[in-house]
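Student: Residue numbers (the working numbering), protein chains in the order written: chain F, 14 to 338; chain E, 14 to 338.
These are calculated hints, taken from the structure and not from any lab test.
Any given hint could be a false lead.
Pairs involving identical chains hold if they fit within one copy or between any two copies, as the list cannot separate such chains.
[Stated by the list, open to error] When the alpha-carbon atoms are kept at most 25 angstroms apart in a straight line, the in silico SDA-like pairs for lysine to any residue are as follows:
1) K237 <-> R265
2) K35 <-> K149
3) K149 <-> T48
4) K38 <-> E181
5) K35 <-> P281
6) K149 <-> E210
7) K38 <-> V157
8) K81 <-> D203
9) K38 <-> L314
10) K38 <-> A166
11) K241 <-> S57
12) K237 <-> S17
13) K81 <-> R146
14) K241 <-> D203
15) K27 <-> K38
16) K38 <-> S113
17) K237 <-> Q37
18) K241 <-> P121
19) K38 <-> R164
If you're wondering where the values come from, they're calculated on a predicted model, not measured in any experiment.
There are 2 protein chains.
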Amino acid sequence: MNVSLDTARALVAKDLAAVEKKMQKAVGNAYEPLTEALQLLIRSGGKRVRPMLTLLAGRFYPPDEPQKLISLAAAIEALHTSTLVHDDVIDGALLRRGKSTLNAVWTPSSTIMAGDFFFARAAGLVAKTEHPRVIKLFARTLDVIVDGELRQAFSARDWSQPKESYYERIYGKTAALFELATRAPAALGDAPAAHEEALRRFGYHLGMAFQIVDDILDFTADEKTLGKPAGSDLRAGIITLPVYFYIQRPERRQQIVDMIESHPTGDPIVDEVVTIIRNSDAIEQAHDEARAFVNRALDDLANLPAIPARAALADVARYVVERTF
Amino acid sequence: MNVSLDTARALVAKDLAAVEKKMQKAVGNAYEPLTEALQLLIRSGGKRVRPMLTLLAGRFYPPDEPQKLISLAAAIEALHTSTLVHDDVIDGALLRRGKSTLNAVWTPSSTIMAGDFFFARAAGLVAKTEHPRVIKLFARTLDVIVDGELRQAFSARDWSQPKESYYERIYGKTAALFELATRAPAALGDAPAAHEEALRRFGYHLGMAFQIVDDILDFTADEKTLGKPAGSDLRAGIITLPVYFYIQRPERRQQIVDMIESHPTGDPIVDEVVTIIRNSDAIEQAHDEARAFVNRALDDLANLPAIPARAALADVARYVVERTF
Chain F
14 MNVSLDTARA
24 LVAKDLAAVE
34 KKMQKAVGNA
44 YEPLTEALQL
54 LIRSGGKRVR
64 PMLTLLAGRF
74 YPPDEPQKLI
84 SLAAAIEALH
94 TSTLVHDDVI
104 DGALLRRGKS
114 TLNAVWTPSS
124 TIMAGDFFFA
134 RAAGLVAKTE
144 HPRVIKLFAR
154 TLDVIVDGEL
164 RQAFSARDWS
174 QPKESYYERI
184 YGKTAALFEL
194 ATRAPAALGD
204 APAAHEEALR
214 RFGYHLGMAF
224 QIVDDILDFT
234 ADEKTLGKPA
244 GSDLRAGIIT
254 LPVYFYIQRP
264 ERRQQIVDMI
274 ESHPTGDPIV
284 DEVVTIIRNS
294 DAIEQAHDEA
304 RAFVNRALDD
314 LANLPAIPAR
324 AALADVARYV
334 VERTF
Chain E
14 MNVSLDTARA
24 LVAKDLAAVE
34 KKMQKAVGNA
44 YEPLTEALQL
54 LIRSGGKRVR
64 PMLTLLAGRF
74 YPPDEPQKLI
84 SLAAAIEALH
94 TSTLVHDDVI
104 DGALLRRGKS
114 TLNAVWTPSS
124 TIMAGDFFFA
134 RAAGLVAKTE
144 HPRVIKLFAR
154 TLDVIVDGEL
164 RQAFSARDWS
174 QPKESYYERI
184 YGKTAALFEL
194 ATRAPAALGD
204 APAAHEEALR
214 RFGYHLGMAF
224 QIVDDILDFT
234 ADEKTLGKPA
244 GSDLRAGIIT
254 LPVYFYIQRP
264 ERRQQIVDMI
274 ESHPTGDPIV
284 DEVVTIIRNS
294 DAIEQAHDEA
304 RAFVNRALDD
314 LANLPAIPAR
324 AALADVARYV
334 VERTF
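Build out the structure end to end from the sequences listed, making use of the hints.
Tutor: This is the structure:
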């Protein structure tokens with residue numbers, strides 16, 4: 014299924030390369046060990062789904078200066094990557110995508126500063142758009158992201174939380190930035206309000222689906238693919254959608270809570286819980302929700318002009334629910 | 014000498030109250046424990062020198078909408094306060110201004126997130142100016158601040174560093190934000206370039222003096238006033254100006270290095286080093302440099318229109334070198 018993402022990527026390949034260059038340059042010209050560490054971090058980066066969305070969404074109403082769209086896409090991916098730096102300190106994670114985190118090499122203090130620095134440069138990139146509303150949307154998104162992280166931290170081990178809490182959290186964790194990635198280019202290109210709204214909704218629905226699938230893969234993918242032990246959220250007491258569905262039956266809830274609460278995270282019994290959930294109907298229930306979100310995202314696209322970027326965005330949406338890593 | 018700051022404060026008292034309100038509001042409407050903690054942090058805040066400078070500097074060329082200057086001043090003080098949150102995590106500080114830090118009450122992880130959140134709201138405040146150049150200056154300043162913090166962390170215990178390293182570090186630590194505080198209002202009010210430059214230089218020189226005096230007070234003020242043990246930077250191996258001057262004589266350097274390097278920070282021998290430096294001529298040498306910076310700041314003011322705010326800025330400058338806490 015990876016093929017479909019390739020088609021979308023090909024459509025904006027030149028711009029994606031420019032985004033990559035811009036991110037590398039953005040962390041340059043600083044204290045040398047810091048620049049080196051952050052450039053390495055950027056090079057080891059992920060699938061670039063967010064900047065791809067920004068570049069595709071920017072095709073509907075291109076800004077007066079094409080460089081502004083590149084800066085925006087680089088700002089969004091830089092914001093994403095900089096939040097990962099602090100996340101790794103917060104989680105004490107030494108591995109991400111199977112590679113050493115900055116946190117594993119530097120002291121926690123230096124890593125906090127490196128995250129701050131990277132964020133500062135992301136803010137510098139978005140300032141380059143010189144578009145007050147885009148800058149405001151960016152600031153507001155950062156706000157939602159951190160709010161989501163805090164809610165996640167404070168809601169851990171609350172086994173009776175409603176499904177809405179989960180949705181609120183993954184909005185902050187993922188969907189808010191997806192929403193920004195598809196909406197901000199419309200704002201930058203002064204798109205008609207209805208088209209900006211369609212792109213915003215598309216990004217929102219896609220982001221929700223993306224995080225649900227991530228949370229499913231945390232149970233179904235193997236440790237090598239994940240680059241970390243399966244069920245890591247559950248180990249930290251974070252209730253994701255598969256867990257939520259599994260514990261809806263009271264006797265199951267009691268079983269899971271007892272097993273998790275009375276054993277340390279590294280205990281083999283926790284692996285057993287992960288296996289139980291992996292083999293349960295909760296996975297398919299969660300997948301149904303992800304598919305429903307993607308269908309809503311595809312509906313949102315119907316309101317937009319039928320340019321090649323629209324078909325590519327649909328490909329990205331389909332990829333998101335079918336991906337296996 | 015505190016009287017002179019009172020005169021300046023009185024000139025912008027109404028605006029300062031609006032800044033306070035705006036900061037309180039900026040951290041509102043979030044996850045409740047977070048809002049409470051940050052509102053408490055803001056209430057326990059310092060002398061408000063930075064927003065005072067912004068409001069006074071804004072009197073030369075007021076922006077079209079007065080609220081934009083209030084937002085800018087609130088953004089600058091919010092940025093200052095949010096950097097303190099991460100500083101406290103980084104230093105492991107449990108006290109600041111004699112009061113418990115957020116870090117002393119919350120987990121380090123939650124405190125990192127709280128700092129991120131506060132910073133996001135600061136970015137939201139500066140976005141309200143809707144002035145692309147002001148927003149860019151703000152982003153660039155954050156960048157310089159974090160760069161300075163990293164340089165400080167990595168230059169610790171380098172006993173042979175040149176005086177320029179110290180100046181570079183305190184530019185990042187303090188003067189960059191003072192520079193922003195006096196320059197950004199000029200940019201916001203579309204002041205003539207020469208006047209923006211005069212205000213920038215004034216802020217820069219004043220900020221340098223301010224930090225030198227802070228570093229002197231770290232030796233001369235008592236623990237109760239400081240809210241932390243005297244000589245705390247030296248204990249962490251950070252070489253400030255009094256230390257720099259003291260160790261210029263090779264035999265003194267050897268003595269200090271031996272005493273510091275071979276004893277833990279809490280050791281009584283470190284108190285002895287603090288006393289040696291406090292009673293040496295290094296304090297007066299550092300004070301001379303602070304006075305020289307303030308004189309340059311006062312010279313910068315001569316290039317600006319003679320309005321009441323100019324006299325008030327001069328008062329603030331004189332206060333900065335004479336203050337005893």
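Student: Please go over all the hints and tell whether each is borne out by the structure.
Tutor: These are the hints, each one checked on the structure:
| no. | hint | in the structure |
| --- | --- | --- |
| 1 | K237 <-> R265 | neither (29 angstroms within a copy, 57 angstroms between copies) |
| 2 | K35 <-> K149 | both (21 angstroms within a copy, 17 angstroms between copies) |
| 3 | K149 <-> T48 | between (27 angstroms within a copy, 20 angstroms between copies) |
| 4 | K38 <-> E181 | between (35 angstroms within a copy, 22 angstroms between copies) |
| 5 | K35 <-> P281 | neither (45 angstroms within a copy, 51 angstroms between copies) |
| 6 | K149 <-> E210 | within (16 angstroms within a copy, 27 angstroms between copies) |
| 7 | K38 <-> V157 | between (27 angstroms within a copy, 16 angstroms between copies) |
| 8 | K81 <-> D203 | both (13 angstroms within a copy, 24 angstroms between copies) |
| 9 | K38 <-> L314 | neither (34 angstroms within a copy, 37 angstroms between copies) |
| 10 | K38 <-> A166 | between (34 angstroms within a copy, 24 angstroms between copies) |
| 11 | K241 <-> S57 | within (16 angstroms within a copy, 42 angstroms between copies) |
| 12 | K237 <-> S17 | within (24 angstroms within a copy, 65 angstroms between copies) |
| 13 | K81 <-> R146 | both (14 angstroms within a copy, 15 angstroms between copies) |
| 14 | K241 <-> D203 | neither (42 angstroms within a copy, 53 angstroms between copies) |
| 15 | K27 <-> K38 | within (17 angstroms within a copy, 43 angstroms between copies) |
| 16 | K38 <-> S113 | within (22 angstroms within a copy, 40 angstroms between copies) |
| 17 | K237 <-> Q37 | neither (28 angstroms within a copy, 47 angstroms between copies) |
| 18 | K241 <-> P121 | both (20 angstroms within a copy, 23 angstroms between copies) |
| 19 | K38 <-> R164 | between (34 angstroms within a copy, 20 angstroms between copies) |
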